[in-house]
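*Asks:* Sequence:
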Amino acid sequence: MSLEGKHAPDFTLEGSDGKKHSLNEYAGKTTVIYFYPKDSTPG
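Heads up: the sequence shown at position 40 corresponds to 40 in the UniProt record's numbering, and the numbers run straight through without jumps.
It cannot be assumed that every hint is accurate.
Derived DSS-like pairs (lysine-lysine); straight-line CA-CA distance at most 27 Å [unchecked claim]: (1) K29 x K19; (2) K29 x K6; (3) K38 x K19; (4) K38 x K20; (5) K20 x K6.
The set of hints was computed from the structure by calculation and includes no laboratory data.
Whole structure, please, built from the sequences with the hints as guidance.
*Replies:* Have a look at this one:
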């Protein structure tokens with residue numbers, strides 16, 4: 001099932017820069033969210 005074009009609910013995550021980033025900050029912009037597992041961990 002593709003969710004392309006669907007709106008995701010807002011959420012806030014802490015970035016590697018230590019700042020909190022909310023999905024709403026990127027409203028109206030093309031956004032790709034990529035989750036990267038910690039190095040040398042399974043998954």
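*Asks:* Each hint needs a verdict: does it hold in this structure or not?
*Replies:* Each hint, compared with the structure:
1. K29 x K19: holds, 20 Å
2. K29 x K6: Given pair K29, K6 holds - Cα atoms ~13 Å apart, limit 27 Å.
3. K38 x K19: holds, 19 Å
4. K38 x K20: holds, 19 Å
5. K20 x K6: Holds - the C-alpha atoms of K6 and K20 are around 23 Å apart, at most 27 Å.
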